[in-house]
Amino acid sequence: MSFVSWMLNPWMLGLGALAVSVPIIIHLLNKRRFKIVDWAAMDFLLDADKKNRRRVKLENFILLLLRCLAMLLIGLMLARPFLPSDLAKVFARVQQHEWVVLLDDSLSQQVQVGQSSLFDEAKVALKSLFQRAATSDSDETLTLFLTSQPDKPIVSNKPIIADSLSELLRTTDELKCSDMSADYSLALEDVHAYLAGQREDVNRVLYIFSDLRKRDWMSESAERAPNEIVKKIAELSSVAGCFVVDCGNDRVDNLAITDVRADDLQVANTVIRFQATVANYGSVAARDVDVRFQVGEEAPQVNRIPELAPGHQSTLIFPYLFSVDRASQEDQDLDLRLRNNIAYHTIRVELVPDAKRIDSLPPDSGFDFVSPTLSGLPVLFVDGEPNLIPERSETYFLAATEVLGTGLLADTVTHTEFETVSLSKYKVIFLCNIGEVSADRRQAVEQWVRDGGGLVLMPGSQVRAQEFNNVFFRNGQGLSPFGLVAEQGDNNRQNYFGFDVAPGGHPAVRVAVSLDNIFNSLKIYKWWSTVLAEGQLGQSVSVPLWLTDEKHSIAMAERSFGKGRVIGFSFPADLDWTDWPPHPSYAPVVFDLIHYLASSIAKQDTTRVGGSFAQLVDLSAFDSNVALVDPDGETTEMLAKPITGTDESSQSVLYQARIDGLRKRGVYQLQLMRSDGQVQPVLFAANVNPSEGQLERLDFGQVGAEYFGDKVSRVSLGELDSLQFSGGHNEIWPQLLAALAILLIVEQALGWWFGRSRTGS
Amino acid sequence: MSSAETSQKYLDPITLDRIKRMDVRARLVVEGFMTGQHRSPYHGFAVEFATHREYAPGDDLRHIDWKVWSKTDRLYIKEYEAETNLKCTLLVDSSKSMRYGEKSGWSKFDYAATAAASLAYLLQQQQDAVGLVMFSNKIEQTLRPSTHPSHLKLMLHELERVQPERTTDINDVFLALANQIRQRGIIALFSDLFLDPKVLGATLNQFRLRRHEVIVFHIMHHDELEFPFADNTLFRGLEVDVQLQTEPRALRRSYLEAVERYMAQVRRVCATSGIDHVLVDTSKPLDGVLSSYLSFRQRRRKQLLRR
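Read top to bottom, the protein sequences are chains X and G.
Following this note's numbering, the numbering of the first sequence begins with 1 at its first residue and continues without gaps.
Following this note's numbering, the numbering of the second sequence begins with 1001 at its first residue and continues without gaps.
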C-alpha cells in the first residue's frame, strides 16, 4: 500500500515536506546573524547561561518543532488526504486500495452513440482507467461487477499491474452488454454482501458506472426502489468511497415494440390474430411508423401507424393463418399425430428503420414471438359404455364433431384404456358416463387439471351416485362441481324440459344464445339431480345452464380447479336421456366448449429477459434430461425436476424443466428427449423488458443529494481521469485545517509564554 | 529656562558627554548641583558650634556669648570646633571593565571620572585636600591629597588622560594603598566592583581598620542593571577572554537575579564593615553622587561630634 495513494495531491505533501526545512533554515540563519557586545558583567551572564541553557534549548526546540509541524500540516492539507474507513484502521493495517466497479450492462446501455454504444464508451473509459492505474506506482486491485449478474464478480480483487493489464483489457473488451434490465437494489445488495465477506483493512472505492436512467433508479416500484437503493448506497458509502460515474446521454427518443400477443389458442388452419403494441418513449411524435410482421422466412406484412404521440402506445393487429395440410396427416397414426401436434412458428415483429426518425435504442425495436400452433386440438373422449354399434356408444356424437376445419384431434378410449393413457398430450378430456376411476388415475387427472387441463364430466346411467361422489365430488374437494343425488325425470320420455341460460351466458353457449330460441326445441327427459358443496357457488363454481323443470335443476356447472377447469353436465352425451346430441346446436356448443377449455392452458405471459420459462415434461414420454439452446446457439444441459408444491408421494410423472434468469433476447429452443430417442423441440422467445426503453434520466443534481447524501458524488466519464487516485472515504482537510489553526495558536501562545517568562517582570 | 532645569541639564550625563574638558565638566556639575539646592549646604559647616565653656582670663572677648551673660550674668565662651582640613582620597577604578558603554556614549569610566572630578572640585571649593588614586590590577596613578588649586587641575588632567586597559585586582592594590594613606580621612571608591564580594569586604576593611571613612560609589551601567538586549547577541568579555552567543531575552531573568544576588552580597559586606554603598546608574544624573556624598559627610560629622 503506497502512502501517497491516500491523497488527491500527493505532491503537495512533498512540497510540505520541503517547506518543513523553512523554519529550520530561518533558525540557522538567525543563529548566524548576531550583534557583538563587549560585556563587562560576564560572570553574571555566564551564571545565567549555565542555569538556563537546557531550558532555552528545549523551548527553542519545541517552537521549532511546532513550526515544522505546521509546515508539514499545510502540505498535508493541500495534499487532501482521506481515510480508508475510519481512523483506527488507517493506523492499523491498511494495505491496499481496491476499486470496486459496478458496471451497468443493462439494455439501456445499448443506446447508440454514432457507431458505438454507451456501453462501448464506458468500456473505453474503464480501459483507460486500468491503463493509468497499471502504469502508476500505486497499488490497486480491481473487482468488477455487472448489474446483470451481480451475484458473482467478473473480476475479483485482481491487482492492476502491468502484467495483468492485457488480461484485464481483454476481459473488458469481451464484456457484452446484456439484454437484462438493471436492478440496482439487488446489484448493490450483492456488492455489499461481497464486500462484507472481504478483508476490512482495504481502502475501497466503489465506482458505479450507470447511465442514470430514471427507470433504474426510481421507477416502477418507486415506493420501494429509491429507499432500497438509498439504503444500500448509504451502507456501501460507509465502507467504501462512492462515485456514480455517469456514462449515459440525454437522448430519450426511442420507439419500442413492447409486446406481441396472440389469441389464446393458436390452432392451425384457423385465423389467429396477433397484436403488436408499439410505444413511443420519446419526446416528439413519431409519424408513419411502419411495423413489419414476419413469420419465419415468409414474406412479411407491413402495417403503418400514421402518428404515435410521445408517451403513447398503439396496437396493430396482424391476422395470420398457419395452414397445415391435414389430408397428409389423416393417413398418419393418431398417436404420431398427437406427438407432432404442436408446430412452433417463430414470428419477428420489428419497426422498419426510418432514417428521418431517431430511435436511440435499436434492441427494443424488434420482438420475437413463438407461436406454438396446434395442428389440431387434442381431445380425449373416454367412453364409459362402449358399444359395437357406433351410434349407441357414449361418445359417438362427441367424436362426430371432429371434422375438417374444426381443428380437433380427437381420440377415443374406453374406461379401462383410460387408466393407462398419457394425459399430458391432451388438452381436453371428456369422461362420458364414467362413475369411478382408480385412485392413481384420479390423482393423475386432478394433477392434469391443476396444470391447466380441461375436463368435462358427463355422468349417465352407468354411474352410481355414491361412487361418483367419492371419486369426483368428495364434498367439494374433488374435481366435480357438483355431487350426484338421484336420477330424475321420466323414463317413458313423456315429460321433458329445456334449457335456461343463466344471465351472462357462457362462452360455450354463445352460439346458442346468439341464435334465438335454438334451445327451445330440445327435450331433456332424464337428468341427475345434483347438490353443490356449501359456499362454492359464486366462488369456484358457477352454473351457466339450468333446466326448466320446477326444481330448476342444474344442467351444466363449471368449477375452476388449479389452473384448469371442470365442466359438469347432469346428463350423458348419448341419446339415452336427451335428444340434444343430434340437434344442430350440439356441435357448436361442444366445439366452443373444447376451445374454451383448451384456451385456459394457453394463457401465458410474455416471457421477458431476466424472467423464467417453465415447460412441463411428461416423464412417461420424455427423458428428464433436457437441453436448452439459447439464441446464440449455445447449448446447456439441464434436468427436469418434480414440480414443487405437489405431494412428494404422488409419484407424478409430470416434471418441470424450468429456466430462470433468461439472459438473452431471442428465440430459445428447449430440446426434450423422447423415449424413442428422438428430439422434440419446444420453442419460446424471450423479449426485453419494455421499460428499459424509457430513457429518461435521473436528474442527479436535483435528487442526487437528497437521495444519496453528500457521500456519493457524480462524475462524468471525462472527469474520471482526475479521480483516478481518489479514494473516497473521508477527506480530512477540514480537520487538518483545524489542527493547523490549533498548532499555530499553541505556537504563538508558547512563544509568548516563553518570552514572558524570560523577560520577567 | 529656570535654574532648576539648567542644573538638571548640566547634571545630565548626556549633556556632559558633549563637554570634553573635565574641569568644565566638574564645575558645571557642582554649580548645577548647588543651584539646585534650596539652601546652600556648605554654609554651616566651616565652623560648627561645639559647646559652652566658662570664661577664663585670656580668652578672646569676641567669643563671649553675650546672650547667655544677659540671662545668667556669667560669662561663657562659645566654643567652636575648628574645621580640621579634611583629607579625601578618590579611588577610581580604571580597569577594562569600566570601558563598557563607550560605544553607545558614556562609559562607566567616563561617568566615574566625571563624578570623581566633580567631587574633587566640590572639595576643593571647601578647602579640603583631595587626592586621586587610579587603579586596575595595580596602582596606575597616585596624587597625594592637597588643597592646592593647581593640584585639582592636575587631577582633572589625569582623569582625562587615563585609558582603562587592565583587569581589576584590588587585593594587593588596596593593601598597598592602606599602607600609603597614613592620615585618617575619607576614602571614596568609584568602581563597578566586579569582584568577589568577600575579597572586596576584606580589602575595604583594611581602610576601616585604619579608621578611614569609606564611601563606595558602585558604578553600574544602565545596561548591566536592566539587560535590555533582545536580538541574538555575541557577548565578549572585557576583562576575561570568554565569548557567549545567546538569546539575551532567554537569560534576562536569571541575569537580573544574579546581579541582584551580587548586589545584596556587596551591600551586606559594606554594611558589616560600616562602609557606605551608593549604587550609581550611569543613566541617572550626577547629582545623586554629590548629594549622597554630602549627606554621608554630614552624618559622619554628627557621629564624630557625638563621640
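Don't take each hint at face value.
Derived contacts from chain X toward chain G, CB cut-off under 10 angstroms, selection only [said to hold, decoys possible]: (1) A19; (2) V22; (3) R32; (4) I36; (5) D38; (6) W39; (7) F44; (8) N60; (9) R67; (10) C68; (11) E487; (12) K563; (13) V746; (14) E747; (15) Q748.
From chain X, some residues computed to sit far from chain G (all C-beta separations above 12 angstroms) [what the hints assert, rightly or not]: (16) L46; (17) V56; (18) K158; (19) G755.
If you are wondering where the hints come from, they were derived from the structure by calculation, not from laboratory data.
Since the model is a prediction, treat every value here as computed from it, not as a measurement.
Beta carbons are placed, not taken as given, at the ideal position from N, Cα and C, and that holds for glycine.
Hints, one by one, checked against the model:
no.: 1; hint: A19; in the structure: 23 angstroms, violated
no.: 2; hint: V22; in the structure: 18 angstroms, violated
no.: 3; hint: R32; in the structure: 9 angstroms, holds
no.: 4; hint: I36; in the structure: 5 angstroms, holds
no.: 5; hint: D38; in the structure: 5 angstroms, holds
no.: 6; hint: W39; in the structure: 4 angstroms, holds
no.: 7; hint: F44; in the structure: 4 angstroms, holds
no.: 8; hint: N60; in the structure: 8 angstroms, holds
no.: 9; hint: R67; in the structure: 16 angstroms, violated
no.: 10; hint: C68; in the structure: 19 angstroms, violated
no.: 11; hint: E487; in the structure: 129 angstroms, violated
no.: 12; hint: K563; in the structure: 99 angstroms, violated
no.: 13; hint: V746; in the structure: 19 angstroms, violated
no.: 14; hint: E747; in the structure: 17 angstroms, violated
no.: 15; hint: Q748; in the structure: 16 angstroms, violated
no.: 16; hint: L46; in the structure: 6 angstroms, violated
no.: 17; hint: V56; in the structure: 4 angstroms, violated
no.: 18; hint: K158; in the structure: 60 angstroms, holds
no.: 19; hint: G755; in the structure: 6 angstroms, violated
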